[in-house]
Structures are given as structure tokens and as C-alpha cells.
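Starting from the structure of chain A, add chain B where the hints point.
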Amino acid sequence: MMRTFKSNVLNRLVALGAMLVPSFVHLAHAVEDLPGGPAVRQLNLHPAVTQIAESQAWLHWFMLIICAAIFVAVFSVMFYAIWKHRKSVGHKPATFHESLTVEVIWTAVPFIIVIAMAFPATKVVIAMKDTTNADLTIKVTGMQWRWGYDYLRGEGEGIGFVSALDLSQRALSDAGGPKAGQDVQDYLLKVDHPLVVPVNKKVRIITTSNDVIHSWAMPSLGIHQDAIPGFVRDTWFKAEKVGDFYGDCAKICGKEHAYMPIHVKVLSASDYSQWAATEKALMTAQPAQVAQSAEITASTK
Amino acid sequence: MSVVLDHPSTGHTAQHDDHSSSGWRRWVYATNHKDIGTMYMLFSLSMLMVGGVLALLIRAELFQPGLQFVNPELFNQLTTMHGLIMVFGAIMPGFVGFANWMIPMQIGAADMAFARMNNFSFWLLIPAGLLLVGSFFMPGGAPSGGWTLYAPLTLQMGPSMDTSIFALHILGASSIMGAINIIVTILNMRSPDMPLMKMPMFCWTWLITAFLLIAVMPVLAGAITMTLTDRHFGTNFFNAAGGGDPVLFQHIFWFFGHPEVYIMILPAFGIISHVVPAFARKRLFGYTSMVYATSSIAILSFVVWGHHMFSTGFPVAGQLFFMYATMLIAVPTAVKIFNWIATMWRGSMTFETPMLFAVGFIFVFTMGGFTGLILAMAPIDIQVQDTYYVVAHFHYVLVAGSLFAMFAGYYYWSPRWTDVMYSETRGKIHFWWSLISFNVTFFPMHFLGLAGMPRRYADYPMQFADFNAIASVGAFFFGFAQLYFILFIVLPTMRGVGKPAPQRPWEGAEGLEWELPTPLPFHTFETPPRLDATATKIIHEPAVAGAAVAAH
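These protein sequence lines map, in sequence, to chains A and B.
Residue numbering for the first sequence is 1 to 301, as defined by this note's numbering.
Residue numbering for the second sequence is 302 to 853, as defined by this note's numbering.
No more than 30 Å apart at the CA atoms, straight line, and that leaves these computed lysine-lysine pairs for BS3-like: (1) B:K838 - A:K87; (2) B:K729 - A:K87; (3) B:K729 - A:K84.
Because the hints were derived from the structure by calculation, they are not lab data.
For clarity, every value in this text was computed on a predicted model and none was experimentally measured.
With the rest of the complex left out, here is chain A:
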């Protein structure tokens, strides 16, 4: 039977679409939202866990709404012109080509809008930088390709450990990823040893690195701070909700850059005290580390 070229091509396109659609459907149903982590087809920022993250989300909506309003206004004018001021509907061209008044107005108005936008942002920047009077200070060390956490001051002082991506998930990545229908909700976010902090306490995070620049990014906490070798930087957060929260390394650091996630576990005050005590006991129980950690913890008592 003779088929036209067009219908052949169409047939092929339909076949391609038929192949793609089930794969979308599969992906769509295979995984659920991760509480404290990304949601499936998430459209906006993470739900905020700290006041700072709340302010950042507010600022984002503020900017988005203003920019969208300006966009709609300006492009309504343009699309109106496209519709009405066309040769094909018989519109003849005007001859004006300059106007000082108009130029002054549309320079001054955006200028004022931009200044108005800067006010709320300034407050948040200043708040984000205020790391004083922290209840707990934790040093985060970026390494190729894991995070080291050391509790420097506050409850849990002396605790230190390394947190790396779960090895089976790394292997799963190499194997081509989760299979269709397989739901690995915390894929590439599961670590062997999460960072544990108490709720409603100001935690100061000091970042540094052992090798190249990494970046400790926790969107739900509203933090993103580069970990720079040979230097220390700091930032802070005060989590207001108990739960598990996830983040990633956000500065390319070599081949395993995608494989050094961050998992912060926020516990209630009593749960945290329990954890700290257990953790210290675990550390002193490990012979290989006894000498060092005993000296550190002993000297601070």
C-alpha cells in the first residue's frame, strides 16, 4: 500500500509519543514528595523552616508579583500594538521618534520601583549576616566528597563525624538509576550520619574545606554558604520545626559533586540531649578515636 511521506513521518511521531507518554506516567507515579526535601513537580521554594527562609520566600513572592505585573502591563502594550498597528489592517505609521518627557518618566519610575524593592531585601540581608549569640556552633568541613561535622560549642560539644551519601544509592546511580515503578523517595539524599540539631535554638554554622570549594546549601533552612579551603565563613539558622531536611553541595567540586548530600535532623530539646549523650558515648567507645576525642572532651569540662 502506498503511504505518503507525510503519513509515514506522522506515524513515526505518534509511535515516539506513545513511547514517551508511558515513561512520563511511570515517573510521575513512581515517587512521592519527600517531606523536608523536594516535592514531585515542585513549583516554588521549599516550605520554610526558619524565619529567614520565610523572609526569603516572602521576598520571592514580592518580586515575582511585581515583576509579573510589570511584565503583563508592558507586554499588553506591545501585543496591542502588534494587533492594531499593523500594515495588514491598514494602520499608517506615525512619525514621532523621541520625547524627553517620556524618557524621564520611564527612567524615573523603574528607578523608584527598584529602590522600593531594595528596602525589604536590605533588612533580610542584615538579618542573615548576624551570627552572634548562637546557642550551638557547628563546623562544617567540605571534603571531596562528603561533609565533616564538628560540634564546637554548646550542647553536644566534642561530637564529630563524617556524613556521606549512602553507598547503595551511589551504586544505584551507576546502575542506571531507580527502575520504573521503583520509589526511592530520598534518592541521592540519604546519608549515613545526618547532622542533628535542636529545634528553636540558634545554630551557627562555620564552613571550611579540606580541598576545593564546596557549598553547604540547605534551602528549607534558608542557608547557602561556600566552604572555602583555608578560610572560614559562617552563617546561622534557627529551625522552628522538628523533622528531617535535605540539601546539597552547591559548588562544583569534582566528579562526585552530585553525590554529597546534606541531611539535617531537627529534634526536640529532650530528644537532642538524648542523642548528644548517646553520640558522645559512641565516640568514646570506639578505640581508634579514643585518644583524640577524650582529650578534646576532657579539656572542655
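Structure of chain B alone, referenced to chain A:
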């Protein structure tokens, strides 16, 4: 070299090109701005394809979670080289190609000021391009630290890092020489009846861009040389253990990097400032204001580099300063958008392909501009820095911005370059196919970025899968659109297939380039033309202006 200089007198037919050398010598020894412009454009198109293939490999890998095609090390190489090749191989040479073709004709000059240096500027690109593309085949593969080449990760790269540094030096030298050529040509070789404030906008934007190039390419050279000496000659510029500072690299790089992105967009603004008035049949609104706005953007671009570094840990004053300065750049950019729309307003518009791309540019570039303003807010940037939100932003301004403007310029001026009309139907297909697939590819990336998906990740949590899949499908469609463009629009016109182009294919187009006869002679304006009061029309035809027939 003397082969080019002596032109035997020939009574030639309309189709015969007036040049004495043919074959490879015509191109290797080229000193004619038209030939050199053509070579730049072909180089740019080739690099667009190479960079595009790298992008499709990236998107193929990211189509689904898990590693299917490449290992993470190769993935990082792909993202790095995609960036370097597109920025330095596709966009920058593309605009230089436009500059070479159009600037002499638009100002009534016979050629560029330094014709042989022009040749050298072009031919330097070939070894540099080969070094960049060839780096994949070196031991250890291509550089894999991102196109931004941050230290100290670059200190860990293999030998391809050194060859890429060399390639970047060569590209920088080419750009600097090209910029010098453009400035001297524009300042010295305009027709005497064309003062600066009557010069075409495309020439203005290139004049300003050329100054930016001269100012910042040496800074890049400094940064990459310091990387080279840190790698091999015992210095410690970026090595804290030796007393250096890794963040210093970022300061130096971005001092180059931010003006660089304006280098990549100002010529685009110039092209749009020609296309919109032509198809609205109305003069560009606010010429003076446009000149001032472009100059303000260029000057401000020097003081905003820190917005790429909001997460490095500036003190409060630093965060605030860079935030304010970056937000300020939105103002002159907005002024330009308003001026273009005012040009359209109460015009008499038709929507041939150049106008489609120009209007598409204004619409989609503005979206990229708004996401840039949102990114300028340091608290928001902290959330989305190094995520796909940034990737979405810069692809909106570089692809839907610079690349679409280059398409607009191609469709607008190619009747002049090739003496034939491109197929209008195919041009429209190219436009709609590109516009739709572009948005399908990059719009979902805003969501991915807000949701926290970082850039330069070979694999990602499953919740990001759907938008990644959509982006990948869109990317392939976008890539095929450009293949369609090259095979079915550019190649036929280069071969002379198509209706012969009239001298004025566009009713509303103004400028000296449209005063020239068709077919376009190889040498034009060998004597500076005399112009009318608007400096857009020749009023007295000197013996050899335009047509070379009389003199030769």
C-alpha cells in the same frame, strides 16, 4: 599577500565576484571585511553545533534519574566545554561576524581600519577552537570544573586545563585585536557627513562593546595565567596553604565575567534596534536615550561582579552594595525595552521572519531580565545560587536573547550578504519551532531551581524527574530546529538558491547598507559617500561609491 592587492580590470557580469584570488587563498589571505565576516559566521555556526551536541548529551543523560550514558567525570567535562564553546566559540565570534559585515557598510567605509589584523583575528580562532574541542581527546579528558574555572578545583585538572588556558589566551588576543579594529574603524572611517550621534545603533552598541572587550579580556588573561602558574610554576595565588585566596580567582574572573555577558548582549541590542524600526516602518524611538542607556549598562557592568559571589561570604556592606548596583542595571535595560516598544507603537508593522525574531527577543529576553532582577536580591539568590534557576536565567538571556537577535540579524541582512532571499515559509517554521521548543526546554528549569536542584549535577533526586524529562525533550526539538536552519535555510542561500534579492527587500529599512546596489559588489564605498541630513541616504554618487563597475 600581493596576490590580493592587484585587481585586474574585468568587465564582469552581475554574478561574478570581484576578487583576484580564488580557492583557498581567497579565504586564508582574506582582508575583505565581507569575506572575514562570512568566515566568522561559519565558525560561529560550527561551534554552535558542537556546543549543541554537548548540550544534547547533557540533556540525554539528565532525561531520567540515574547514570545512563556518561560517568560523572565526563558529565562535568560536557557541562564545562558546552559553556566555553558556546560563549567563546559561538556567541562572541558570531557577533564579530556581524560587526565585520555590517560596520564598514553602515558607516560608509571601504573596509575595516586594519584589514590584515582582521584576518589574523579570525584565523587565530581556528587553532583555539581545535584546542578546545580537542581537549576531550587528551589524557584525562576535557576540563571539568565548569566554564567558570574556579580555583582550586582547576588545580586538580589534567593537561587539558593547560591547553584550554592557552586556547582562551588565543581567543582573548583575537577579541582584543578585533575590538581595536572596530574602535579605530568607527572613530576614524565614518563618512564625513556622519557624526557619532547619527551613527547607526548597531555601530554604537559595537563601539561600546569593543571598549568593554579591551577592558576585560586582559583581566581574564590574568586570572587564567595565575591559574596556570599555580598549577605548574609554584605560585600560590589561589592556594590558601601558600598564603593565597581561592576567592581571589572569583573576584578576578567575575570582574571579567560580568562585562563579558554584556559583551554578549549589547550587539544583540544593536541588531534589534535596526530590525524593529525597519518592520514598524518608523524611526527608532529615543535614539539619544538608547545611546545613553547602552553606555550606562556598560559602565554599570563593571561594578556588579559580586552578584555571582553572594554565597562566598561577603560582609554585609559587600552584599548590599552588589545587590543595589545589580538592581540598578535593570533601569537602563528597561529604558531600552520601552524604547523598542515605543518604536512599534503606532507603526505599520509586518511580521516577516526578522521581525518575528526581534519581537520574540523582546518578549523572552525580558523574562530573562526579570529573573535576573530576582536573582539580584541577595536573600533570594542565597536560595537559588548554583541551581537550575540560574541556568534558566542565563539561557533565557543568551539563547532567547543573543542567539535570537543573531537569527533576526541573519534574516534581515542575509539578502544583502547572499544576494538571494531566504525562504520566508521556512524562516517562519524556524522561528516558531525555536521559540516553542526553547520555552519547553528552559521554562521548567525555573521550577527545578526553586525546588533546589543544583547545577552541574549528573544525577538528581527522583522528584526532579518530570521537569528534567520535559526539558530534555524540548532540548532535542530545539537542536533539530537549528539543524533545520542550517541545512534548509542557510545552505541554500549560500548556494544562491532563492529569488534574487532586490536592493531594498524591506520596505522600512534605512541605512547605508541598503543604499548599495544588488548584487552586492566585493568592494563597497571605496570613496566615502556624501550623505543627507539623517545620514541614512547617499545624496551624491561619487565615481566609485557602491558599484565597482565604473572604476574597474
